[in-house]
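Undergrad: The residues making up each chain are set out below.
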Amino acid sequence: MSEERLFKFRKPEWLNSVWARNAGVYAAGGLFSLAFYILLDSAVWSKSAINGSDVHITFVDWLPFIFSSLGMLIINSVEKARLSADSFSYSGSGVAWKARVFAVPGVQWPGMLMGVENVVANALVGLSSVVLWVSQNMEDEYAYNLAL
Amino acid sequence: MPAAGLKTIIALSFVLAVGFLLVILSCALWKAYYPLLVVATYVLAPVPNWICSHLANPDDFVESSGAAVLDLGRFCTGFLVAMGLALPVILAHSNIIAVPAMIMSVIGGLLIYGTIISFAMFFQEEQEF
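Protein chains in written order, with UniProt numbering: chain A, 1 to 148; chain B, 1 to 129.
Worth flagging that the hints you see were computed from the coordinates, not collected in a lab.
Where hints are given, some of them may not hold.
[What the hints assert, rightly or not] Pulled a few chain A residues facing chain B out of the computed Cβ check, cut under 7 Å: (1) 25; (2) 34; (3) 37; (4) 43; (5) 44.
Quick caveat, the model's predicted, so the values are computed rather than measured.
We put the CB at the ideal spot given by N, CA and C, even for glycine.
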């Protein structure tokens, strides 16, 4: 494992516990929820009376979120063992970046707050998928330790 | 877990009652009953965890499919906990509820969820083995 490293950074020792793994999964769920509700907040706010402008959130504004959620689903069905099997220079978080770059054109400039909320939501989805993926793939070493 | 007795139950029910009081007050004082959703969220929050832990067999290390179900449950629980925090903030941001109502319902929701979690922690040990 020390020779064929997939990531650039070494994982710290404290990450290698059940507690950190569970906390990672919980945090990923929380981040995803935060992303969803930030987006929902922009939608609700655009419908409410205090939105003076006539810029409104439509279905199109939900598309980046939907795409990055799909990307999250795809990334997290990839196991780390498959990636380190061969010498492909392909890492999981690269896909998250692609999803995020894909998401950025969803910004709407006139409703500044709503656009910013959209971008923040998509960044949170990306962050959530990274956290979930890392903590899901901690599992191999944990299981191995217990098997010994 | 030592001494999970009568005093624990009394303390937990006291905290739960204070939490419910805060949430219901945050609804009734402003006559906008949306913050009641927070209670439903926090009551539902541990449910995916329970279902998935009954579904999976965590002692089975040969087959790793059990851990995925557990993770799904944890993910949903984390989602619901953050939802309980985010819902009053959204409502307050759009002027549907007042800001003090938001603060009260957030604190009440945290008290309710803390009660549920500590109840599960105190009374979990007896069932095992």
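Undergrad: Hint by hint, which ones does the structure fall short of?
TA: Number 4 only.
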